Amino acid sequence: MRNRLYLAVVALLLGAWTMASCDKDKGNYEAEIEWIQFATQEGRDRVQLLGDTIKQSSGLDRTDIVKELPHTADLSQLKVIYKLSPGAHIEGVQSGDILDFTEPRQLRVVSENGANIRTYTFTLSKLDAPPVVDLGPKLSPDAMLENFAIDGVEPLDRSQRGTRIRLIVKEDVDLTQLVPRFTISEKATANVEPGQAHDFSEGPLVVIVTSEDKSAQSVWFLSVSHPDKNVQSGATIESFRFAGSTRLATIEGSRIYYEAEPQLDITRAEPIYRLSKGATCDLTIGEWKDFTKEVVVTVTSADGTATSRYTVMVDPFRSSEAELKGLQLEGIGDAVAVGGNEWLFGVAGSKSLSQIRYSSITMSKGATCNWGSAEAWNFSSGARDLVVTSQDGLHKRTYKVRVRSSGEPYSGTILSSFGFKNLNADIAIKGTDIYCVVPPGSDLTKLRPTFTYAYAWWAGPRSVWLYGPDGSKYTIDGKYTIKIDKDGGTAIDFTQRDSKGRPNVLRSYRDAAWVYYSDYTVHFIVSNEISPMPTLKSFSLLGLTTPQKPKGNTLRFTVDEKVDVSSLTPVFEVSKGAKVEGLTTNVPADFSKELTLTLKSEDDLQVTEYKIIVEKRLNDRAELLDLRLEGLQKPAQAGNTFTFFGGSGVDASSLTAQFTLSKGAKATTQHGDFLPGQAYNLTQPLQVRVQSEDGNIVRVYTIVVDQRLNFEAELLRCTVEGASEDCKIDGTKVTFEPAGVNLSNARIEFEASPGASVTREDGSPLESGSTVDLSKPFRLKITSEDKSITKTYTVRQAVKGLRFDFERWNQEDGYMHPKGGWSSSNPGMAVAKQFTGKPDWYPVYRTSDSHSGQYAATIETVEFGKYGRSLAAGALFLGSFNGNVVISDPEAAPQFGVFWPGHQPDRFTGWYKYRPGATRINTSGSSLGGQDTFSLYAILYHGETLNGKNVSSSSNIIAEARLDDCTARGEWTRFDLEFVYKKEIPEGADLKYSIVLSSSSEGASTIGAIGSKLIVDDFEITLK
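Each number in the numbering used here comes from the position in the sequence shown (counting from 1) with 1 added on.
Be a bit skeptical, because a hint or two may be false.
[To be verified] Lysine-lysine pairs mimicking PhoX-like chemistry, simulated, CA-CA at most 20 Å apart:
1. Lys612 - Lys594
2. Lys820 - Lys782
3. Lys820 - Lys127
4. Lys447 - Lys401
5. Lys612 - Lys601
6. Lys538 - Lys487
Keep in mind that the hints were calculated from the coordinates and are not lab data. Nothing here was measured: the structure is a model prediction, and the numbers come from that model.
Could you put the whole structure together from the sequences, leaning on the hints where they help?
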């Protein structure tokens, strides 16, 4: 059959050739593409080939060509290079043209004589790019100094500008023998060890810090001095608290709000505060004072020119808890069952339920309730609501209190205990009532009760019975509905009712002849969790205030005197499920008086109330905001001091200030009004006095223009010619994405810190816009203007395709393979299955038996048994697979290699497991003895794509990382292989790399063991 098919094909071809030979037209009749190659133009004179040349033997025998190109290809700008039949041409296209292949594209080939036209359709796509490798520094680039302090000395003030740190200490501190302490970046080194005494009266301590990776060096100047003699004019309270507490008050303009802790006695509280430098206050620190009422405090500046008045408002501690912790009733005692918000009491006998008082009640500290201590409640009509109100009056919790009257059982029918074999419940027996507190969602249809009796030997019960739902009545003739096994062997549906319509009734029966029995009623109480207290998450007044997160249950807002508070719009957010009363968000309300916002829980049992107070008064804020000086960068702010770094080239005698003030506030200097848009002389520090609209607060700000040389040595921005985005700067590591330029002669643009100098690694100056060689790592050095800090930055191309986690897989016809440039022996096996039906399954597949993540890759040796080949070893590799030769020349089928980005690989690491098959055999299936082994290695090479024939022996291999011990491993095993370089990388060579894995190392020679299984995960190639 195969021969007849072959002859038919030959005859058809001969016939076509004969017919074409009879054509009388002159010129060649063939209209075919003999080969075609896709490429990317890199620079003016360089072309980067993408993938292998497509020939008649590798796809051009068809007119519909589907091809995957490397992930670096730009499908919108592909250069096409081709060879056609002699004399033929492609309509509208010349070899070397750049075409767009983002969509399937047709190329029409016309023969030399014009008689034949053949249309090829090219559908091109890109391989998925493997994840970007993390090129984070192995060694730290940090060279910082922190936590400068002096042993045994508490500084009055601290300031820092770059690498200059200054501590201000008291006048009586001797500066000549101080012991400094500091820390430096991890694994950095310094020329000075902390803990060594230094004479700070002679000048600063100079510390030189060098980073671990030697890319950065910083020079630090650590100074200690006594306070300046200049008199200050600030008159503000910077912080406020009370002795014995670390909680700071909230200072809002001229108002100081403090929420007292439980232990604070506000009738005798000791204030602790911090004032602006040199200021005094009429409130003595550490002296007891009564803060039950508002206290007015006056602060005066050191120079006597400024006075501020503050009002201190202390809210006494009041607990917000509203919990019922214990309750006992007169003549009854404790509750027999408590479930969530329900308290159930049982009364045996005929005690009246209409006049019941409590004997004791326990609640949260300071809480009250609606049941008076001498008040009698009537429980004969059902449950009563006991409402507990917190000490602050803003939280309420409702409890259901229920009292039930129970009958007395007959002697000899008394149950001494009761429970369930298949349900965990808290159970109490009161008279003939059984109370069971059960978890939410309990199934009451198949409970197995257990019980014991309390009886004398002469009066013991015979049986326990349950009234049934079928209407049967109890008689003495032994016909009862259900008999209960006291050991819990009988399943009972407690959702049914007895013949009298009563639920959950059990009968304890003593003697069939005397007919003594007691009916017990089983009550179920679900222990539902108490719903959470509803809360207010944020509150604001539309257009007037920013959202506040409530502190306590009182919210205070201050608005301008001109605001109509009778119609303000509240905007608020509450906790999930809370019901709102009193106000509606985004609906105007009258705030001319105090309003209450009430929140209720979903079950209405928890209530929280918030008081909203809106006060109309002149603004009491005195703030200098958004200050900037035209032509200078954003200032550094420390407290009320703004420091601008101008450098030596700035004319500080005339700098224009731009700023805003708090509403209604006024700013002045010693020379007059301080106004935005005006120029000021800032050769010396300038003090600006800001007074609030209401006149209560005066705040003094200092503006400094520092004209010392800049201490910064930062690379602020970097761009490489042709790159679509700015470089990524991570510490001193700079990476870029290439975009079709010649990296050996690429233009680089950058911006460094003002005044800093930039040089090449050899010390020669480097200007932005210079041309540099970025085909390999390029280093530039930045030195700060004041020469205190130097940093070396490494600029390199971002590297892709070096980390493989096997999490993403492509689904093909009947098999899968991992994304990211991988191919396998699966395509070849697919061809074999079409002709032979073998193998039974594909040798490469994903597995959930992973080292990390969701998936790993499995490579397995499978049975083949056709064409004299007993087995097919599984293979997984970076590259492609030529399925056309898998039967005739299997070693030529795998095409190993994808394009290498131009960096030198250093190590190949990953994880694997291996289980060899049972019997090692040869091509014919004969046993060879010994145990199967796998192969695992990575290579870097140049030149033509390698295949199974030469992947191990080619002279083009530059470096190789190979695992030697490839025997069985039952658990995940890590490998770490060094790339061994056999030769130098040829200048200008196009590099490729591949990772090659096989479940049987001699599989190319059809030697291995069926069932050998190699599982791999988490591969990575690191760079030099």
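* Has the given pair, lysine 538 with lysine 487, been kept, meaning a C-alpha gap of at most 20 Å? -> Violated. Lysine 538 to lysine 487 sits at ~54 Å, over the 20 Å cutoff.
* Asked: Given the hint that lysine 820 pairs with lysine 127, does the C-alpha gap stay at or below 20 Å?
  -> holds, 11 Å
* Asked: Holds or violated: lysine 447 with lysine 401, Cα cutoff 20 Å?
  -> Violated - the C-alpha atoms of lysine 401 and lysine 447 are around 29 Å apart, more than 20 Å.
* Take a quick look at whether lysine 612 and lysine 601 sit within 20 Å of each other, Cα to Cα. => holds, 15 Å
* Is the Cα-Cα distance between lysine 612 and lysine 594 20 Å or less? -> holds, 10 Å
* Quick one, are lysine 820 and lysine 782 close enough, alpha carbons at most 20 Å? -> The hint is violated at about 40 Å.
Going down the numbered hints, you'll see the structure goes against 2, 4 and 6, while the others check out.
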